[in-house]
Amino acid sequence: MSRKIIQIDMNRVEGDVDFQLELEGSRIVDARCVGSLYRGFEQILLGRKPMDALVMTPRICGICGTAQLNAAVLALEHLARLPVPPAAMRIRNLCLMAETVQSDLRQSFLFFTADFCHPKYRSLPLYDKARAAFLPFQGEIYRGALEHSRHIVEIIALFGGQWPHSSYMVPGGVTTPASSRHLIDGLSLLNKLTRWFEKSVIGTPLDDWLALQSADEFFDWLEAGEAHADSAIGLLTRMSREIGLHRLGCGTPHMISYGAYDDPEDVENFSPYRKRLFKAGFLNGDAGSIEPFDQNEITEHVRYSWFLPYPGGRHPFQGQTVPDYQPHSDRYTWCKAPRYRDKVVQTGPLADALIDGEPLIHALYRAEGGNAWLRQFARLHRTARLLKAMSQLLHELAAHPGEPHILPPADKEIPDGEGFGLVTAARGALGHWLQVRDGVISRYQVITPTAWNASPKDSEGRHGHWESSLIGLTVEDPDDPVEIGHIIRSHDPCLVCTVHLLDTGKRLTVWP
Amino acid sequence: MCHIVCFGNELHGDDGFGMRVYEMLCRQVWPNDVKVFNAGVAGLNALRFLENCSRVILVDALANFGSPGQIYVLKSEDLAEGRQELSGHGLGIPYLLEALKAIREPLPDIRIVGVEIEGVRPFFIGLSEKTERAVIETVRLIRGLVIV
Chain A
1 MSRKIIQIDM NRVEGDVDFQ LELEGSRIVD ARCVGSLYRG FEQILLGRKP
51 MDALVMTPRI CGICGTAQLN AAVLALEHLA RLPVPPAAMR IRNLCLMAET
101 VQSDLRQSFL FFTADFCHPK YRSLPLYDKA RAAFLPFQGE IYRGALEHSR
151 HIVEIIALFG GQWPHSSYMV PGGVTTPASS RHLIDGLSLL NKLTRWFEKS
201 VIGTPLDDWL ALQSADEFFD WLEAGEAHAD SAIGLLTRMS REIGLHRLGC
251 GTPHMISYGA YDDPEDVENF SPYRKRLFKA GFLNGDAGSI EPFDQNEITE
301 HVRYSWFLPY PGGRHPFQGQ TVPDYQPHSD RYTWCKAPRY RDKVVQTGPL
351 ADALIDGEPL IHALYRAEGG NAWLRQFARL HRTARLLKAM SQLLHELAAH
401 PGEPHILPPA DKEIPDGEGF GLVTAARGAL GHWLQVRDGV ISRYQVITPT
451 AWNASPKDSE GRHGHWESSL IGLTVEDPDD PVEIGHIIRS HDPCLVCTVH
501 LLDTGKRLTV WP
Chain B
1 MCHIVCFGNE LHGDDGFGMR VYEMLCRQVW PNDVKVFNAG VAGLNALRFL
51 ENCSRVILVD ALANFGSPGQ IYVLKSEDLA EGRQELSGHG LGIPYLLEAL
101 KAIREPLPDI RIVGVEIEGV RPFFIGLSEK TERAVIETVR LIRGLVIV
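Protein chains in written order, with the working numbering: chain A, 1 to 512; chain B, 1 to 148.
Treat the hints as calculated values from the structure; they're not laboratory data.
Any given hint could turn out to be false.
Said to hold, decoys possible - If we take Cβ atoms under 7 Å as the criterion, some of the chain B residues that face chain A in the derived model are:
no.	residue
1	10
2	99
3	102
4	103
Said to hold, decoys possible - Example chain B residues on the side facing chain A (calculated, C-beta under 8 Å, incomplete):
no.	residue
5	41
6	43
7	45
8	47
9	51
10	55
We put the CB at the ideal spot given by N, CA and C, even for glycine.
Chain A extracted, bound-state conformation:
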């Protein structure tokens, strides 16, 4: 059998990620996930005042800047042991949810479902319906997602002054209280999106959809009428299952979630010991059990990355990020290889829902495992949960007018010490680890969700999650490997792009 190497530029994904695949015949026997962009935020932050992290780290990403800001402010509050009032936690949660909803709708309907319109699927019975819904710029759902997703982040602009790259979360709270004007405008934005989501995405009222708890209930719902079957999620599910995405792209069985959204009722505890509305945990894929999460168990390896080498793995508080580009060695990426308890793990909405104990996702996972379809389905299931939670948060804020939005720290300076901030961004577990010495940042380490999923091999030679999702896969046409697009896009990859220019040149890409 001949061995062939192909290089794939994942065009529609966020930013710069390539895959180098080795094929024997049509079977993938080795995979290297290449993050081709160096960012260097860890270096930029060294020697700066700790509060500068609030301005700089939201710039790490144009999509999850609110989550980056939250991780930074939690790390500072952990270090300085600062309490936060409930109103601030509610405002923070509301804004984090808005950002996630926007990202999830765009990922689902601007990036993922476009693959269903591939000419390869022409002969499938659902093809025409899929095109009518999902064809880029023309499909009804595509256009709806484009229009409706963009307004929801205006909620962040109401409370945070701007989006993206806002810096309104500060140690001790947020910069602005929730005025009645903010609440009314926020509710109006939310209601508009929720109406579209109910009508077009789930074809059913939000509460009815969230009441589905078992695999049987879900599949009965799917067949209960055209409004369900032809809703965006109905079509996505039926098309995925015709193609076989419920059997593809499982990758590592181990999953982590940092938990999401600090509980505003838990005013006794400081971050990171505060309760969360969605639970944190480690899903041990070997034992099938969910275990408590402990950030001490995180390490990062650089054996196959373009960073100054060190042996084994290091916890972020001992970590370093020193670029060492060696394109002609066996190292192949700007991503480090994070590991939890020395295991390769995945993160994202599927991991979050399973670890939180969400019944429907659990039932589907027990039936078929963690596959590309379920991962995508879990993301849209989360949207329904978040829309409901956002409505509750706005009403809670309205029910507590005039409560403080900040508890100003007694000392304006952040003291020397160390702290970390763990949050759930749209793509999964995001962490910042910060050390301050002599009044300035002496170490700042960021582990993004995509770093977990797009991880290269570690010091022991273990492949990262995406790599292992692809190894063993049979590709129908190695010159047009649409299967790889389905699998990788189901993770909402993000390796942020900063270079951009107008280009009429042609590139080799996964369709379209």
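Position chain B against the provided structure of chain A, taking the given hints into account.
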């Protein structure tokens, strides 16, 4: 209302062309019905800048159009040839214009003003000589397009 929307990343050499033009535009006095925006690398979020206006001028660096330093005024259909790039944050103008077509009717009158750059240089601040030389002329050209 006419919106002039500049794109680019000044940290990557010639990719900062649009940002240099933005700086120059900001130093000038414009009629009340003209607004100048810095869109940076906003991608799809730049749709905001294309609302509530009847005319739009987009400013960006160009590749594969001609020789470095040359200035072009294009219409959106001039970008339609060949495969369009579809990505996320780095979306690019072709994607933005397609998105605009999908959600807005009628479309504003759109012109794209760009210069063929020598090349993107990662983590380098400053434009190459030929690109820098095109900045003043580009600003003059935009002025001519706006004030008619």
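Cross-check of the supplied hints:
no. : hint : in the structure
1   : 10   : violated, 11 Å
2   : 99   : holds, 6 Å
3   : 102  : holds, 5 Å
4   : 103  : holds, 5 Å
5   : 41   : holds, 5 Å
6   : 43   : holds, 7 Å
7   : 45   : holds, 7 Å
8   : 47   : holds, 6 Å
9   : 51   : violated, 10 Å
10  : 55   : violated, 20 Å
Of the numbered hints listed earlier, those contradicted by the structure are 1, 9 and 10.
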